[in-house]
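Read in order, the letters of the sequence shown are residues 706 to 1245 in the working numbering.
Keep in mind the hints are simulated off the structure, nothing from the lab. Be aware that a few hints might be false.
[What the hints assert, rightly or not] Mimicking DSS-like on lysine-lysine, the simulated pairs with C-alpha atoms at most 30 Å apart in a straight line are:
id	residue 1	residue 2
1	Lys747	Lys770
2	Lys843	Lys884
3	Lys907	Lys1039
4	Lys1132	Lys1163
[Claimed, not checked] Label-pair restraints from in silico Cβ distances:
id	residue 1	residue 2	range
5	Asp1229	Glu758	43 to 53 Å
6	Ser773	Lys907	23 to 33 Å
7	Asn829	Phe984	56 to 66 Å
8	Lys989	Ile834	18 to 28 Å
9	Ile847	Lys1112	24 to 34 Å
10	Thr876	Asn929	19 to 29 Å
Nothing here was measured: the structure is a model prediction, and the numbers come from that model. Idealized CB from N, CA, C, for every residue including glycine.
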Amino acid sequence: MRIFVGLILMAAMAFAGQPESVPGEYIVTFKNNKSPMTGLTKELAKRINSTVEVISRTARVAHVKTDSKNTPEDIIAKIKKDPNVDIVEPNYIYHASYSFGQKSNDPLMSRLWGLNNSGQPDSNGQAGILGIDINAEKAWTIQTGSKDVIVAVIDTGVNYNNPDLKDNIWTNEAELNGKDGVDDDNNGYVDDIHGWNFADDKSDPMDNHGHGTHCSGTIGAKGNDGKGIVGVNWNTRIMALKFLDASGSGSLDNALKAIDYATQNGAKVLSNSWGGGGFSETLKAAIERSNKAGAVFVAAAGNESNNNDNRPTYPASYDVPNIISVAAIDNKGKLANFSNYGKSLVHVAAPGVNIYSTTLKGYDSWSGTSMATPHVSGVVALMEAQYPEMSNTEIKDWILKTARPLKSLKNKVKTSGLIDAYAALTKEVPAPDMNDPANWQFMPYRLSSEHPYKASTKNTWEISVPNANEISVYFSKFKTEYRFDKVSLYDAEGTLVQEISGNEDESFSEVIKGNYVKVVFESDKSQEQYGFDVTKVAYR
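Let the sequences and hints guide you as you build the complete structure.
Right, dumping it as structure tokens:
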């Protein structure tokens, strides 16, 4: 599996269509029996004329390379015939998701609208809106981070010599003070002083692209030191795990190694500004291992303007309890035009447009859900510092519960909100949003399509709520062919209010002015899905 870093447009292209994979390479998970891995890998290598490298003995995962001229389907089928094999997957390709209270005394702080938005223009000249930020300055009156918290940046590496980062880089003291060429701490890696370079299989995780360094600055650029910028954490330890190369390309086998390294070496926050490929059981299993180890896995939702509920992006869309999937907003609080979304699979939003941070040669502004993700990783690290006794899932729950609702995020992310570092640290849950139909009065109402609906269908219904000024229709179940079969809602004047398509279970419609709505359902000539059920109407 290859993983890429690229511009927003490039990443969008790479995410489209069939999942990419490295030709002739596969990831194999062996069954959890008593057969030793050495014998299993040798037998598999001989049987399919390949080379087999063990990725994880404990997880029983191996990386297979073959020059066979057979089709991938034939090779996978042949590997699956081995009775000791549990899972076989292509070595998928991924892509990184970006493009080109107490005040700190860092001179470039004013450029960091994501931490403190006073309405100042971003690097593109767009004026912001006061308070559309993660409330960092107020949060810093409570917590500025701790060296006890290790944040693994799984990316293109980190420029650990950057003046704003060098004091907050994780150092493996056993290797630093040990012998060159010796695995002094017996963790399976030699001279891994600041992390590891899985892309080139060597000890130096220096960034030769810039993406990982940019993400690291948002998480933990040294604060209150009178120079440069400041991260969400003034103090932390950033573990540099490079699995993306200078072109932004990486692979599943190396992603697995990076995640397991972070898990096994004490990282409590795993920051992942990358995605793509197909659904991978082995990648999901690696994230599950991080969950069992008590880490939070923060992941970029992706930059294709897609609904992840309909077209999942991985790893952000896996159903693992420790994952926080992050969308991006601009400095006016609007969902970024490139950002993926999804009211079920995308949890929260964070600043991600024209974000100023550290680079290989200084500082620059980049955009993407890649830039939103480290804001959330930084808040997770603050929570880890403030509440070391909390479990990873408790920290995730508080971050989601305390997200600040924004109208622009309604039905776009699970929380309908922007992360709030201060609210998370103080556990202040926002007051109910009375503009949210979920907080209005309800009238029970039953309306359903056929289950399943037929092709080439058109049905019309009318709903009225006496004396209502505004109404919203609640769909307890909604599943149609995405973008082709749809429900359209019209107000009393015949104006189209909303079109709904895809997977939209347990959702309210847009607000319709007045006491009347016309519901029109249309399907095309192809797929037949469940359809929809309306069970109530909210009104006020």
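Here's how the hints hold up against the structure:
1. Lys747 to Lys770: Judged against 30 Å, a Cα distance of about 13 Å means the pair holds.
2. Lys843 to Lys884: 45 Å, violated
3. Lys907 to Lys1039: With a Cα-Cα distance of about 42 Å, the restraint between Lys907 and Lys1039 is violated, given a limit of 30 Å.
4. Lys1132 to Lys1163: 48 Å, violated
5. Asp1229 to Glu758: 43 to 53 Å: Once the Cβ atoms are compared, 47 Å apart, the range 43 to 53 Å for Glu758 and Asp1229 holds.
6. Ser773 to Lys907: 23 to 33 Å: 29 Å, holds
7. Asn829 to Phe984: 56 to 66 Å: 36 Å, violated
8. Lys989 to Ile834: 18 to 28 Å: Distance hint for Lys989, Ile834 is violated at roughly 38 Å.
9. Ile847 to Lys1112: 24 to 34 Å: Taking Cβ atoms as reference, Ile847 and Lys1112 lie about 28 Å apart, which means the hint holds.
10. Thr876 to Asn929: 19 to 29 Å: With Cβ atoms ~21 Å apart, the hint holds.
Going through the hint list in order, the structure does not satisfy hints 2, 3, 4, 7, 8.
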